[in-house]
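Engineer: Using the sequences and the hints given, assemble the complete structure.
In this text, residue positions in the sequence shown follow my numbering: the first is 1, and each later residue adds one.
Worth flagging that the hints you see were computed from the coordinates, not collected in a lab.
Do not rely on the hints blindly, as some may be mistaken.
Derived Cβ-Cβ restraints for the label pairs, each shown as a range [as the list claims (entries may be wrong)]:
id, residue 1, residue 2, range
1, Ala75, Leu44, 15 to 21 Å
2, Leu58, Gly16, 20 to 26 Å
3, Pro63, Ala35, 41 to 47 Å
None of the values given here were measured: they were computed from a predicted structure.
All C-beta atoms in this analysis are idealised placements derived from N, C-alpha and C, irrespective of residue type, glycine included.
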Amino acid sequence: MPPLSWRELVLPKEHGSWAFAFEPIALGLLIAPSAAGGWLAPALASAFFARRPLRTALGDARPAYRAAARRALLAAAWPR
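Structural biologist: Here it is, written out as structure tokens:
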């Protein structure tokens, strides 16, 4: 089994998911910028990028992939 890279683990393979996730928030911030929108944008990005590692950590049959996904999730959640 080849090693799992960060890009394979975190970035979604579906091209349209980027548009569905980020275009509405970008358009909303351009039309009516607000503090709430400024906080919503990073929250949306965090949820978007955590979706695939979380799914892998909870349900993949390959132990090495589950462990890599858990490490990625811990690194993302660790306060800096």
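Engineer: Determine for every hint whether it applies to the structure shown.
Structural biologist: Verification of the hints:
no., hint, result
1, Ala75 - Leu44: 15 to 21 Å, "19 Å, holds"
2, Leu58 - Gly16: 20 to 26 Å, "24 Å, holds"
3, Pro63 - Ala35: 41 to 47 Å, "43 Å, holds"
The structure agrees with every numbered hint stated previously.
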